[in-house]
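So the chains spell out like this:
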Amino acid sequence: MNELKLTEELTEEYDKFRHGIELLMKSPDFSVGTTPSEVFYTEDKMKLIHYIPAVAKTHPVPVLIVYALVNRYYILDLQPDKSVVKKLLEEGFDVYVIDWGYPSGPDRYLTLDDYVNGYLHNSVEKIKEISGLDKITLLGVCQGGTFSIMYSALHPENVKNLVTLVAPVNFDSNKGILNLWAKGLDVDKIVDYYGIVPGDFLNSAFLLLDPFRLMIDKYIGMFERIECNTDDATCEVRNEDYIKNFLRMEKWIFDSPDQAGETFRQFMKDCYQKNLLIKNEMELNGKKINLKNITMPVLNVMAEFDHLVPNDASIPLADAISSTDKDTLVFPTGHIGIFVGSKSQKEVCPKIATWLKPRSFLNGKGDEKIGSGKKERLELAKEITGSGKEELPELAREKKLEQNIKKRKSRVNKK
Amino acid sequence: MEKSNFESTREFYDQWINMYKATMGKLIEMPAVGPAREKSEKMMKGFSTFVNLYAAGMDTSSNLQEVFLEAMQKVQEKISADMDGEINPEKYKEFYDIWIQTYSETFKDFAKSGHFVSDLGRLNANLMDYQKYNRDMLEENYLKPMNLPTKTEIDEINKELYTLKKTVKELTRQIKELKENK
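So the protein lines, in turn, are chains A and B.
Oh and the first sequence: position 262 is 261 in numbering that gives the first Met the number 0, straight run, nothing missing.
Oh and the second sequence: position 108 is 107 in numbering that gives the first Met the number 0, straight run, nothing missing.
Pulled out of the complex, with its shape left as it was, chain A reads as follows:
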């Protein structure tokens, strides 16, 4: 390389850096969680969010997404063009998500039981009430998946299907660094001192997993990706989109709610340190969680290169439950990539939808169609029951649901 070429390269690097700074100085709008929604139910700091359906007639069984307490649920709706929530809506599902909120003050005493048998259970009951159904689908993500597994074992009568996404159930894994670290921690000292365990405390642990990549290389990479091709008109649009998406991810990573101390204590000790859940020895408020009570259809989704929840933390779920209708999907992505990577939209969501659709019908046949009008519905009712009465409970529920959706849509539009 001669000096001229070196100068050219350095100038190019400097241009990228300068251009990146200019883009950041424009304060780009990098809103997250933009899919239209409404708060459907609140309890303390928890909010149950309902997304406005994207189709005229959704699949009958609603889907409740349960996210982890660490970080925020909007990773599933991070970018308008890469949104698990949006994709599920487009696939015809009626989607709800729990926003656990930011604990403070008295929340330090919230227990795992409060989360699972309290907030989660009440959310399920509310959805059952509005939909007129006895069961709904749970889609648990990461720690939220573990909560969903606990809930499904304790309240199997309320769960039509269980989908777990990168969810740990066996914590005795030497492949996950977090599993190793957790074993050496004096959890009692942490909870007794903090009360509410700061999100930044957990975040620093995540950064320690790979400090050089996460604290240096990531930001250098951000500027390196900037294009400075003046001949290409679309280049600037790509740059802006890239910076916005980078900032969205950055916001999500550091938007870490503090953790309710007692919940953190039990989760770390019973799950990470004693691995009680998979042994059917874990208890919530004195009630034992027996995974054999899980009999509903289960789909266990994993990320092959997951550094936070290694596959051997999720795989044992299949053998631990009694369900006969159970499937496993593994995608060649990482823990976060499974929600926001390109495969997420092209493969992960469509495959989950394909599995879920035939199981999201009340009759269990899976032969109902989306978007059918009244006439078609009556025909469908005939097919199912041999009569064509509109008073069929199923149709009445659908009607009620449609009315609710219309009402909500108009409320959201007014806002």
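One thing to keep in mind: the hints can contain errors.
[Claimed, not checked] Here are the simulated lysine to any residue pairs, SDA-like style, with alpha carbons at most 25 Å apart:
1. Lys46(A) with Thr171(B)
2. Lys168(B) with Glu226(A)
3. Lys92(B) with Ser112(B)
[As the list claims (entries may be wrong)] Listing some non-contacts, in silico: residues in chain A with all C-beta distances to chain B over 12 Å:
4. Asp28
5. Val54
6. Tyr108
7. Gly175
8. Phe200
9. Asp209
10. Phe211
11. Glu223
12. Asp240
13. Lys273
14. Thr327
15. Lys342
[As the list claims (entries may be wrong)] Incomplete in silico selection of chain B near chain A, CB under 8 Å:
16. Phe11
17. Ser103
18. Ser117
19. Gly120
20. Leu122
21. Ala124
22. Leu137
23. Asn157
24. Tyr161
25. Leu177
Calculated directly from the structure, the hints in this document are not laboratory data.
Beta carbons: idealized from backbone N, C-alpha and C, even for Gly.
Got chain A sorted already, so can you dock chain B onto it with the hints?
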């Protein structure tokens, strides 16, 4: 690998800690007497808490320095092999890639080691002890005399509030059930 400077450093700190425990530490942990014995004993306990944190910090620091040294040596070896031992401004990108990859991998390996797990656990536990001690002292020596609410008192109120909220929820549920059964 021959004995690094950090091992000597660690040996020095180990000796220092052992010496401290055998001499000054015993003096400090000696039961206090006299009218101010309670306060004095608490104050002295703080010294031990700090020494424990310091010792844990030193161990962690020497282990980390060891890893830095190892990473640095690996970078040098890779430069010799991949860049013909030549570090010049023209190859800065190549150098950066080698540097970041080597440091990242070396630290990730270290993070999985028993050393790190034990260092992290010990450092964290001692840090919590130290912070708790400082907070207790702040409450004891400043907040209480000024009649200001302490963390302990706020926690008590928070616990009461949590219990009350839970009771109200349970009672509301029971009333709802009774109404529905009527």
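Hint check against the structure, violated hint numbers in rising order: Numbers 2, 3, 6, 7, 8, 9, 10, 11, 16, 20, 22 and 25 - these are the hints that the structure violates, sorted from lowest upward.
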